[in-house]
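Asks: Residue-level listing of the chains:
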Amino acid sequence: MSWLNGIRAKSISVLLFNAGGCTGCARQFQTALLLDSGRGITLTGNPRHADVLFVAGCINDMSADYLKQLYKKMSSPKAVVAAGACACEGSLFRREGNGVNPLEEILPVDACVRGCTPGMDEMLETVINVVEDGYKECENGRDHDKELE
Amino acid sequence: MLEIILWFIGIIIIVPIIYLTENFILNAIPGQKRTYLLQPIYRLIKHFSKTDYYNRPLTRWFPVGACLFALITLYFVAAGENILLIISGLTMMELFVLVGACSTKEPYGIMAAQRGIARLTVWSFTLMTAAASLYKVTETLQLSRVIQYSSENILLVRLPLVTAGLFTAAMIKGNLGYFDFGINANAMSFLDTALYTPYGGRSLGVVQLTQWIETGIWLKLISYFLPWKPWISFLVSTIFYLAAMLLSTIVPRMSWKKVMTNSWIWAGGLPAINYIWLYML
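The listed protein sequences derive, respectively, from chains H and V. Our numbering applies: residue 1 is where the first sequence begins, and numbers increase by one. Our numbering applies: residue 1001 is where the second sequence begins, and numbers increase by one.
Possibly wrong hints are sitting among the right ones.
Incomplete in silico selection of chain V near chain H, CB under 8 Å [what the hints assert, rightly or not]:
#, residue
1, Arg1034
2, Thr1035
3, Gln1039
4, Tyr1042
5, Asp1052
6, Tyr1053
7, Gly1201
Simulated restraints on C-beta separations [stated by the list, open to error]:
#, chain 1, residue 1, chain 2, residue 2, range
8, H, Glu105, V, Thr1091, 47 to 55 Å
9, H, Trp3, V, Ala1118, 40 to 48 Å
10, H, Asn129, V, Trp1061, 34 to 42 Å
11, V, Leu1037, H, Leu35, 16 to 24 Å
So these bits of chain H aren't anywhere near chain V, every CB distance computed over 12 Å [claimed, not checked]:
#, residue
12, Thr23
13, Ser63
14, Ala64
15, Lys68
16, Arg114
17, Cys116
Hint data in this document are derived by calculation from the structure and do not stem from the laboratory. Note that beta-carbon positions come from the ideal geometry of N, C-alpha and C, so glycine has one too.
Next up, chain V with everything else stripped away, as it sits in the complex:
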């Protein structure tokens, strides 16, 4: 139980630490616009100190539902539960955010929800293919047993493209580089994402917190495929994600249709090829 609690806390705090490290590194690079080290925390506190604006009162409860599902999924991940439960939890979380965006009855809210659905199709396909491939190799979907299998056999050797696909899906969720579904295709919108457009004030704070938890869940999921001890694998996946975030600052943004093609090739295509390869063997 203590291990689950430690993982629970560790996954929650890892993403703010990644943001702080990113700010620290960017501040040290000459020519970059300097920012406060703790700015992500300041931003979160600021959002929670503001009021909500909605034309429909129910809208504010959808982010709360999403955050609850993120916490439940986090428990599943920390406890090493069945991967299908984790997929369901992540999908429910995303659907709550999307339905909340739709319920604002505003053109930008509906447009954000459409982009979110486009994104959902990609990463849910990645997760399903990853689950199928995992079952093909380990004959279990229970993540606690996958760890045992991973300690005896190197999972990465048989599932390299699935791991790469999952990492790409994590980049899609974080709106990084060539996988940024941002609405403006530039740095003008918050978190550079279409999905958060209709949210403001406290609800935006809740959505941001949910996104942090979700990123931690993805990093933990990726770490199951790495060959080292669980915490070392988690640290390695975190370092890779930080590197992707830093690279993302120098990568140009593109239109969301091009991003969609990229995402299907990398996050959809790679795990599918890996699965076919396993099937052929």
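Next comes chain H alone, as it looks inside the complex:
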């Protein structure tokens, strides 16, 4: 239902998860929320209230477990956005054998914002578009929670 997605896109609660690294992407996103184009997007510290899980930084084995727990606690429909080179593809840390994984290997990712660090507008646009265009899990009818288990 496009009208419902339009309404959802005007009130988005984002759970920001910084997995580690330089924290540049997370700070960039927090600053971007002050822009006028970020109207309607709010940060929440509670996965139960979140619509979008926004992940930034290098994901190791320990943070991967936390990410799965957070994702399971979010109410459906929900979306996952990977931001920055580290979360999208592991960046240069992946070759060091530190257990760094791209987010796509852990959770069903709806969108990636590439760059180190990505632009503010790109991050905001991605979060809004992910909700406005309909959640991926709604489109293909898959139950990502069961797939994770």
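Guided by the hints, dock chain V onto chain H, whose structure is given.
Replies: Quick look at chain V alone, frame taken from chain H:
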């Protein structure tokens, strides 16, 4: 009967109108983060379009029970029933939300319930002292008779601190300013409140709707103490509440223990002093 229905509808819609007005004013102030005017409505629709997540299936029914009690209490308020019935209804509503939070069997749910109980002790004391003071002055607990008394005598002159205490209790329920029992002591959690932490999806929508109705009930209760016609008094209490919400955006948050002390001083202490004063007279 028509008057009761009109009050019923008026009390339900007044709180969304307060939120819309607040957004309108904040959007007009330079330097504030702009938001959509209808965002509270959008948020409610969004919550109702989501699924519930619970580790216990019974948990989702507690918010429904709370909402039912809020509606029953709303009828009591609109019909000018006995204030003791209203206190019972509000307490039952709160208990349903708290038991629902406890039933999630999660640390954050139990912590939220503990904060809720701490809050309940304050505002229930305020309401009981207000009822006792009201009886001392008017010799009735029936709110419809209180209106008659209020039209002939100015109730606010004899119960000024009770009125202030009730308004503080309304601020406690709305998590405003120095009376915010929020779990994070910042703006990170929804409605800045500990009580809603364990709820998500549709249940959160029901809890939010309940909170709107409850705020309307408190505003109507406060309006009984004001000296004007009922609807003018209700409008005045609404404007005061809106002013408190706007002030709350520039007031720093503090730890919940400090909030607890503040709440007992203002919401517990003021009505108690007023009651002792009446007793001495």
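Asks: Identify every previously stated hint that the structure contradicts and give their numbers, smallest first.
Replies: Of the numbered hints, all hold.
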